[in-house]
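Participant: The primary structure of each chain is shown beneath.
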Amino acid sequence: MISQEKALLVGDNPFHGISHLSQERSRIRGDMPTSPEYAAKLVAIAVENGANGFMFSVSQTTLSILKILNENSVVEHLDLYGIVPYAYEYVRAASQKGGVPGLAKTVAKEILFSGNFGAVVSGLNGVLRAKPISLMKAYLAYEISRIKAAAGKNARLSCVLLHQLVTDVCLGFNLDWLFRAYMDFMLDKGIKPGFNTGNFAFLVDKFKEWRINLEDVVIAAPFNKVGFQMVPSREECEKALASLPKPNVLAISILAAGYLTPKEAADYIAGLQNIKGAAVGVSKEKHAYETFKLLREKLL
Amino acid sequence: MSAEKLKVAVVGFGKTGMLHAGILSVLPRVQLVAVCEKSGLVRRFLKNLFKDVFVVDDVGELKDFGLDAVYVTTPIASHFAIVKGVYDLGVASNVFVEKPLASNYYEAEELCGLARRLGGVNMVGYMRRFSVTFKKAKELLNHGVIGEPASFSAYAYSSDFFGIDKNSKFHTPKVGVLRDLGCHAIDLALWFFGDFKVKNAKIDSLFGEDSEDSAFFEVETDDGVGGKFDVSWCVDGYRMPEVGFTVEGSRGVMRVNDDALELSLNGGGKFRWFRHDLKDSVCFWLGAPEYYREDECFVKSLVDGKNVEPNFFSSAKVDLMIDEVKAKAKNK
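Those sequence lines, one after another, are chains A and B.
The numbering of the first sequence is numbering that gives the first Met the number 0, which starts it at 0 and goes up by one.
The numbering of the second sequence is numbering that gives the first Met the number 0, which starts it at 0 and goes up by one.
Honestly, the hints are just simulated from the structure, not real lab data.
Glycine is no exception: its CB is placed at the ideal position from the N, C-alpha and C atoms.
One or more hints might be untrue.
[Claimed, not checked] Which chain A residues stay away from chain B? Per the calculated CB distances, all over 10 angstroms, these:
| id | residue |
| --- | --- |
| 1 | N173 |
| 2 | R210 |
| 3 | V230 |
[Unchecked claim] Covered stretches of chain A (chain B as the covering partner; in silico rule of three or more C-beta atoms under 8 angstroms from a C-beta of chain B):
| id | segment |
| --- | --- |
| 4 | 56-63 |
| 5 | 152-159 |
| 6 | 241-251 |
[Claimed, not checked] Straight line, CA to CA, 20 angstroms or less: simulated SDA-like cross-link-like pairs of lysine to any residue:
| id | chain 1 | residue 1 | chain 2 | residue 2 |
| --- | --- | --- | --- | --- |
| 7 | B | K50 | A | K104 |
| 8 | B | K37 | A | Y258 |
| 9 | A | K108 | B | L40 |
| 10 | A | K130 | B | K37 |
| 11 | A | K104 | B | K37 |
| 12 | B | K269 | A | K130 |
| 13 | B | K327 | B | L40 |
| 14 | B | K14 | A | P131 |
| 15 | A | K130 | B | L40 |
| 16 | B | K14 | A | S242 |
| 17 | B | K50 | A | L174 |
| 18 | B | K50 | A | N173 |
Using the sequences provided together with the hints, build the complete structure.
Facilitator: Spelled out as structure tokens, the structure:
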């Protein structure tokens with residue numbers, strides 16, 4: 000059973016053309032595997048070499064990749080970890096459609112035309128009564144239905160994570176009731192609720208203060224030897240990690256955006272307690288083969 | 000100021016307003032007291048979202064909250080009227096405005112006049128001054144590491160409107176690419192090199208006559224340093240907006256952008272720093288570390304009662320430069 004072992008996840012950043020080290024690097028290299036066919040091939044190679052999951056932001060690109068993985072019967076070997084919303088797409092849409100109200104209208108239309116009855120009813124209730132929880136449920140139902148439609152009936156949607164921006168804004172505003180409503184909704188659906196955060200230590204403190212059961216959730220946060228994006232510091236994040244009741248943290252940014260070698264990254268992660276697994280993006284067949292072979296050796 | 004929490008309100012709850020409000024909410028010396036938002040739909044949701052924050056639709060209503068400071072994060076075209084309202088109605092004397100200060104230099108000047116007359120701390124959200132790469136670049140320039148600057152080229156690019164079908168339903172911001180994006184490069188250039196004059200300029204419209212989508216202009220600083228700017232929001236490969244400079248000096252060349260800083264010295268020395276190398280950590284990460292540092296700086300200046308950079312007066316120069324670029328392009 001995959002959930003008993005470490006989660007070795009293929010990350011999707013390279014499939015969106017993202018390099019967190021520098022945009023210039025991804026432009027100059029020009030080798031980002033943004034074609035869904037090639038991305039699906041990389042995921043399949045990673046699976047052959049130890050990957051057992053795929054972590055992705057829900058976008059047209061990743062839905063196309065999931066569709067191919069389903070057609071090639073790769074999806075049944077994977078636990079799926081979807082991140083919603085795909086913040087970049089929504090921020091760009093807000094810029095083009097006249098801000099948040101314009102964006103809200105666009106998303107409402109998408110949900111309305113999705114044909115997802117539950118999402119439409121919850122969405123209408125949310126809009127008419129200005130209820131954030133109803134609206135959130137409508138949106139989540141819509142995103143889950145998109146993932147399931149693309150990935151097929153053999154897919155295991157193990158976890159849905161709130162995007163870093165949403166998690167951290169809600170943390171900033173102390174919206175504990177919204178976190179709880181999100182968790183209840185996901186647990187009712189039989190899906191593990193997850194949180195992608197750039198403020199891991201802060202989130203752990205807040206969840207403890209709010210008495211949110213940390214055993215019920217998955218947290219994806221940066222962990223790497225150089226402390227890249229580890230807020231407020233590597234030491235504080237390691238301390239918070241050690242304080243968790245069980246391994247439920249997915250380490251992301253383990254290569255510090257290409258600053259570290261896979262061996263350096265894996266050695267560091269292997270030494271941490273309470274790590275459930277790691278997500279790594281790969282952009283070449285050789286990377287997919289070598290990186291996951293190494294992670295399997297070091298982490299499983 | 001006393002040790003009590005500073006009462007702050009945010010006017011405009013779009014992307015940037017949400018971001019600043021989120022950061023302000025975790026700053027230990029701050030209490031987010033109220034949000035002012037024009038959109039009825041957004042306002043209704045905010046009222047159900049926030050339990051301890053008042054939500055109002057008019058700046059005048061903020062007067063009742065005894066505010067220490069107001070953040071103005073509305074669309075650029077409304078900055079002037081809102082900041083003027085904040086001052087005229089006595090809502091608060093300390094004001095933070097998202098960049099740029101105003102829609103033109105006349106408006107910026109009037110706001111500077113009000114700020115001068117009424118006192119208080121004022122700041123404009125040119126957050127790249129708080130980015131570790133640009134801060135390091137400024138430090139190296141100040142120390143003369145590349146010698147006397149001889150020339151520079153700057154860019155400000157994004158892919159926000161790249162690949163857009165010209166007939167599709169979308170809006171380019173009415174203020175144009177110079178005020179929306181190019182202002183960052185202009186502000187950094189003023190910070191790095193001091194005042195300059197615009198020598199020539201060209202502005203292109205790709206999405207209709209009223210749309211200002213790319214700009215190229217040349218400048219010369221008071222010290223005779225020549226500079227070139229290239230600004231566009233239709234460039235492929237800039238998923239996130241990016242600003243960058245190449246500065247040629249008597250002792251070497253410096254290249255800096257949002258992600259990295261490189262030095263090539265005439266003697267053969269080459270150095271490169273990524274954000275990782277420049278202690279880019281903050282206490283709370285939302286959007287980018289520079290937003291946190293910027294808000295922290297503004298709050299600290301409120302507590303200390305000291306003015307801060309970039310303030311209305313230095314930022315008004317950016318609006319002046321943009322007006323000059325537009326005038327030169329029009330004359331051409």
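Participant: Are the hints correct? Go through all of them and say.
Facilitator: Each hint tested on the structure:
At the 10 angstroms boundary, the C-beta of A:N173 falls inside the reach of chain B, the nearest C-beta of that chain being 7 angstroms off. With a cut of 10 angstroms on Cβ distances, A:R210 stays outside the contact zone with chain B, its closest approach being about 18 angstroms. Not every C-beta of chain B lies more than 10 angstroms from that of A:V230, the closest at about 5 angstroms, which undercuts listing it as non-interface. Under the rule that three or more residues need a Cβ within less than 8 angstroms of chain B, the assignment of the segment 56-63 of chain A is violated, with 0 such residues.
Using a Cβ-Cβ cut-off of 8 angstroms, 0 residues of the segment 152-159 of chain A lie near chain B, which falls short of the minimum of three, so the contact claim is violated. Taking a C-beta to C-beta cut-off of 8 angstroms, the segment 241-251 of chain A contributes 0 residues in contact with chain B, too few for the three needed, and the coverage statement is violated. With a CA separation close to 25 angstroms, the supplied pair B:K50 and A:K104 exceeds the 20 angstroms bound. Between the alpha carbons of B:K37 and A:Y258 the distance comes to roughly 44 angstroms, so the proposed pair goes past 20 angstroms and is violated.
Taking the CA atoms of A:K108 and B:L40, the gap is about 15 angstroms. The hint holds against a cut of 20 angstroms. A threshold of 20 angstroms between alpha carbons decides the hint, and for A:K130 with B:K37 the separation of about 19 angstroms falls inside it, so the pair holds. A threshold of 20 angstroms between alpha carbons decides the hint, and for A:K104 with B:K37 the separation of about 16 angstroms falls inside it, so the pair holds. For the hint linking B:K269 to A:K130, the alpha-carbon distance of about 56 angstroms lies beyond 20 angstroms, and the restraint is violated.
Annotation: proposed proximity of B:K327 to B:L40 is violated, straight-line Cα distance about 42 angstroms (limit 20 angstroms). Among the hinted pairs, B:K14 with A:P131 is consistent with the structure: their alpha-carbon atoms are about 17 angstroms apart, no more than 20 angstroms. Using a Cα cut-off of 20 angstroms, the hinted pair A:K130 and B:L40 holds, with the two alpha carbons roughly 11 angstroms apart. The hinted pair formed by B:K14 and A:S242 fails the criterion: a straight-line CA distance of about 34 angstroms is larger than 20 angstroms.
For the hint linking B:K50 to A:L174, the alpha-carbon distance of about 9 angstroms falls within 20 angstroms, and the restraint holds. With a C-alpha separation of about 10 angstroms, the suggested pairing of B:K50 with A:N173 holds against the 20 angstroms cut-off.
Consistency note: the structure conflicts with the earlier hints numbered 1, 3, 4, 5, 6, 7, 8, 12, 13, 16.
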